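Kindly generate the complete structure, drawing on both the sequences and the hints.
2 protein chains.
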Amino acid sequence: MKVSIHTLAVEQVAHTLQQLVGLLDKGAAHAEAKKFDSAVLVSSRLAPDMLPLSKQVQIVSDTAKFGVARLGGVEAPKWEDTEKTIDELKARVLKTIDFVKSVPASAFEGGEDRDIKIQIPNRTLEMKGLTYLRGWLLPNFFFHVSMTYAILRHNGVDIGKRDYLGELK
Amino acid sequence: MKVSIHTLAVEQVAHTLQQLVGLLDKGAAHAEAKKFDSAVLVSSRLAPDMLPLSKQVQIVSDTAKFGVARLGGVEAPKWEDTEKTIDELKARVLKTIDFVKSVPASAFEGGEDRDIKIQIPNRTLEMKGLTYLRGWLLPNFFFHVSMTYAILRHNGVDIGKRDYLGELK
Chain A
1 MKVSIHTLAV
11 EQVAHTLQQL
21 VGLLDKGAAH
31 AEAKKFDSAV
41 LVSSRLAPDM
51 LPLSKQVQIV
61 SDTAKFGVAR
71 LGGVEAPKWE
81 DTEKTIDELK
91 ARVLKTIDFV
101 KSVPASAFEG
111 GEDRDIKIQI
121 PNRTLEMKGL
131 TYLRGWLLPN
141 FFFHVSMTYA
151 ILRHNGVDIG
161 KRDYLGELK
Chain B
1 MKVSIHTLAV
11 EQVAHTLQQL
21 VGLLDKGAAH
31 AEAKKFDSAV
41 LVSSRLAPDM
51 LPLSKQVQIV
61 SDTAKFGVAR
71 LGGVEAPKWE
81 DTEKTIDELK
91 ARVLKTIDFV
101 KSVPASAFEG
111 GEDRDIKIQI
121 PNRTLEMKGL
131 TYLRGWLLPN
141 FFFHVSMTYA
151 ILRHNGVDIG
161 KRDYLGELK
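Sequence lines, in order, name chains A and B. The numbers in my numbering rise by one with no breaks, and the one at position 153 of the first sequence is 153. The numbers in my numbering rise by one with no breaks, and the one at position 129 of the second sequence is 129.
Since the hints were made in silico from the structure, they are not lab data. Do not rely on the hints blindly, as some may be mistaken.
Since copy identity is lost for identical chains, a pair holds within one copy or between any two.
Pairs of lysine-lysine residues, derived as PhoX-like cross-links and limited to a Cα-Cα distance of at most 25 Å, are as follows [unchecked claim]:
no.	residue 1	residue 2
1	K169	K117
2	K65	K169
3	K161	K78
4	K2	K101
5	K169	K128
6	K90	K26
7	K161	K128
This one's a predicted model, so the numbers in the text were calculated from it and none came from an experiment.
Structure (structure tokens):
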């Protein structure tokens with residue numbers, strides 16, 4: 001009745017990141033078919049005071065990156081949030097996949113008991129690795145992929161849940 | 001480096017379902033403050049060919065219900081999708097929490113190796129419990145909670161990520 005942190009934080013996360021690349025591809029194809037600049041999608045939001053698609057993807061990347069770094073006990077690479085185009089966002093996701101996959105399964109040994117600290121505005125959250133994985137990494141990761149999906153879908157891009165889930169293996 | 005299926009499929013899912021109740025409460029309060037019928041939110045969508053909020057919540061409920069039933073080897077209760085108001089949707093989520101929590105941790109023993117079958121239109125998906133948990137249950141569950149959030153947020157309900165995540169424990 002046990003599953004490894006590696007299968008969740010690396011295998012599943014890398015899989016869903018690859019699906020996100022496909023979602024962004026469909027966004028770019030839609031813009032081309034409708035003859036509008038795909039950068040419009042990059043700055044689209046679901047509400048005026050909500051983060052745009054670019055930031056949603058950057059947070060997906062950071063959530064995945066810090067997830068494996070914290071649970072695997074390795075250093076996270078530093079990436080600036082400078083992406084302005086769909087192609088740049090895709091490149092960000094692809095390098096996130098590379099980093100996530102670079103951390104070996106053995107690094108996650110005992111990850112559920114690691115002390116995790118997260119700096120948020122005006123507060124530091126402290127928790128064990130298990131709580132972090134379950135209550136922070138996975139919910140946040142899927143949330144921001146879903147918000148990216150929602151922004152694309154709301155703007156007419158022809159995507160469905162299979163594009164999000166991908167093939168099950 | 002192992003985490004239990006129970007902590008993911010029951011503890012985390014029940015926690016996020018409780019946050020969903022809070023999101024629906026904020027939707028109802030918003031409708032009351034703005035003096036519109038909250039049933040408008042229940043039938044709202046992000047795109048004309050996308051499922052409305054009511055169906056998003058029903059799928060959240062079904063995903064959680066079938067998740068613990070399949071992985072825990074117990075029978076899932078049958079619930080009709082008849083909810084038309086925020087209060088009815090909240091009741092649906094609350095009874096989902098009760099059912100999910102009713103399955104004891106011991107029932108998930110060996111759940112990762114169970115043979116899972118999912119009937120989808122024109123196809124039966126077959127997979128092991130681990131693939132189902134990782135690639136279906138969790139991504140679908142968080143996706144449909146996030147779509148509910150997105151519909152409320154898009155319609156002006158004052159919610160933020162903390163309402164989705166809740167307190168970490």
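Quick rundown of the hints versus the structure:
Taking the shortest Cα distances, K169 and K117 sit within 25 Å of each other only across copies (13 Å), while inside one copy they are farther apart (33 Å). Taking the closest pair of Cα atoms, K65 and K169 come within 25 Å of each other both inside a single copy (23 Å) and across two copies (22 Å). Proximity of K161 to K78 under the C-alpha cut-off of 25 Å is restricted to the inter-copy arrangement: shortest distance 24 Å between copies versus 32 Å within a copy. Proximity of K2 to K101 under the C-alpha cut-off of 25 Å is found in both arrangements, the shortest distances being 21 Å within a copy and 18 Å between copies.
For the identical chains of this complex, K169 and K128 are inter-copy neighbours only, at 9 Å across copies versus 29 Å inside a copy, given an alpha-carbon limit of 25 Å. With identical chains, the CA atoms of K90 and K26 are at most 25 Å apart within one copy only, with a shortest distance of 12 Å there and 35 Å across copies. Taking the shortest alpha-carbon separations for K161 and K128, only the inter-copy value of 21 Å comes in at or below 25 Å, while the best intra-copy value is 32 Å.
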